[in-house]
Amino acid sequence: MTVDDTRRDPGIPVAAGREERSPDPRFVPIPPEAEERSSDPRFVPIPPEAEERFSDSRFVTIPPEAEEALPPADTVTGKLGRAFFRRLPVWPLVEFLSKKKVPRHRHSFWYTIGSMALFFLVVQIVTGVLLMVYYSPSQPWSSVQRIVMEIPFGGLLRSIHHWSANLMLLALFVHLFSTFFMKAYRPPRELTWLTGLALLGTTMFLGFSGYLLPWDDLSFFATRVGISELEKMPLLGTWIAGLARGGPDVTVDTIGRFYPLHVVVLPLLLLAVLSVHLFFVQVQGVSEPDSFRALPPEQKRYHRFFSEYLVNEIPIWMALAALLVALSALFPRVLAPEADPAAAAPEGIKPEWYFMVPFQMLKLFPGSLELLGMALTGLIPVLFLVVPFVDRSVPADRRGRVATRVGVAFLVYLVAMTVWGMVS
Amino acid sequence: MTDADKAGEVRRSSGVAQNEVGGRQGVDRGRRRFLWVTGGLGLAWLGLAAYPIYRYLAPRPAPDPFGEEGRALVKKVSPADVAAPGSGANGSYGQRGCIVLRTPEGELRAFDSKCTHAGCNVNFAGDRIFCHCHGGMYDFGGKNVAGPPPRPLTPLRVFEENGVLYVAPTDRKQEG
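Line by line, the protein sequences are chains R and A.
This note's numbering applies: residue 1 is where the first sequence begins, and numbers increase by one.
This note's numbering applies: residue 425 is where the second sequence begins, and numbers increase by one.
Hints should not be assumed to be uniformly reliable.
[What the hints assert, rightly or not] Now the in silico label distances, taken between C-beta atoms and shown as ranges:
id, chain 1, residue 1, chain 2, residue 2, range
1, A, Lys499, R, Asp340, 26 to 36 Å
2, A, Leu481, R, Val264, 20 to 30 Å
3, R, Ala336, A, Gly550, 36 to 46 Å
For the record, the hints were derived by calculation from the structure and aren't laboratory data.
Note that CB positions come from ideal geometry on N, CA and C, so glycine has one too.
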């Protein structure tokens, strides 16, 4: 519809009056001079230059630097690009991202760990969606058995999902500690740090909820033990444990809760927090360690994020994909016998390594000391949560050095307890 | 403009100059070949990743309703239900539906109940076989007599053994 049309009263059928061959007796013919827009007394004529402005006001003007950067206007891509940026005023965003750079120094490698975790997350989403195709929460064990035994490449996909989950958590722990030792949690990046901790917690929760779904005896007892530890928590423990299980014991009803958590609620939460986390990283730029910041400007070297840095990530992702396939082929995830709530727990049953520390603490603090053990374990996330508000100054002061030493102690403690739990 | 940009520009412009004088074109050709090989390897890699996913999702063959015995038990219809001439009923065999009926002449017949038009299960309606979805109609011989169905119903061989009914494939080619 042209501008001209909109100004005409739609109630007056112009065509009927103008076209003499079909005179409709219900309407009066419009005299030809009234047809002329300019002579219609109901409308004020709009000057041509105003009309141009009117029709253009819906579009934004492309900034000159965008005109320069886009392909020539007579090419298809040039036309599409101009059409896009005339509609959406996002050129500043493109410009911002094109200027984004990553510092190059001898600790630069650690920047890659976050993108590794991101790669594993993508693998988790793809393999998880594929596993959902044949998984059935009402026949959990037999549907997983079918995936492993009958469906082509089903066992491989399940093993990749398992290995990618483990490596994602490993990458997140490494990311946590490398960020910690590079002091990247300091102002102004406290919120990035806190969202990162939330992402780690959500991922661990994803690991816990996904572990139950195959409904083999490992997953059954792991979930039973995990939730009964929760139950020992003072005050709210019993209530939370009952809600998590859907009853006094782990049953198929628990799968009814864990399945939607694992495939919908937690992934959505993870993606939401992740987009905030990445948004902060994009806006603030990646953190520079003190040693790099102290360099004179001419000695600071950078990679451009698009696409110098990104292209260098591709071989890393491909290597990780190869690693996942190799691990899955050499050490496929077994499906243990179907869960039997009445049978004895299998011999040598242990939680996944990322839950080994609380497991080992429970063994070390038996009986009445158990709460102390849980409190000590609970102290770790609390200390991580408060560190950006304690160690703030640049360059590092006494608090910064203390934070580093505490971090080293934590790392040694976590690794030692995990290894001890795994071998004992 | 970063150093990398400048270097790229110098390389590009020198490449053009060399082309113009008909000099060493090998530099650009080498780069082009590198890009083609990289792109080809990338596509091959994606294909390798896509193949297992396709196989995983590829349609599974339906189980043979007649099994190894070559016949299937008819459920929900007993011989008594179809004893009288002109009687009939909807039943099932395997995961599929069937219609068992006795013609007014006294002959026992069975058909797979999947309508040849759009796949609804047809209904035994006393004097005829009727499809509720689009009004298709079949006679007691399974022949499509009215409505949209393009072909007769798939006939099944039906027989009684030890007081229950069985169906088996007819010698004719199976349809739909």
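Now the hints, each set against the structure:
1. The supplied range of 26 to 36 Å is met by Lys499 of chain A and Asp340 of chain R, whose beta-carbon atoms lie about 32 Å from each other.
2. Checked against the hint of 20 to 30 Å, the C-beta distance between Leu481 of chain A and Val264 of chain R comes to roughly 21 Å, which is consistent with it.
3. Judged by the Cβ atoms, the range 36 to 46 Å given for Ala336 of chain R and Gly550 of chain A is violated: they are separated by roughly 56 Å.
The structure fails to meet hint 3 from the earlier list, while all remaining hints are met.
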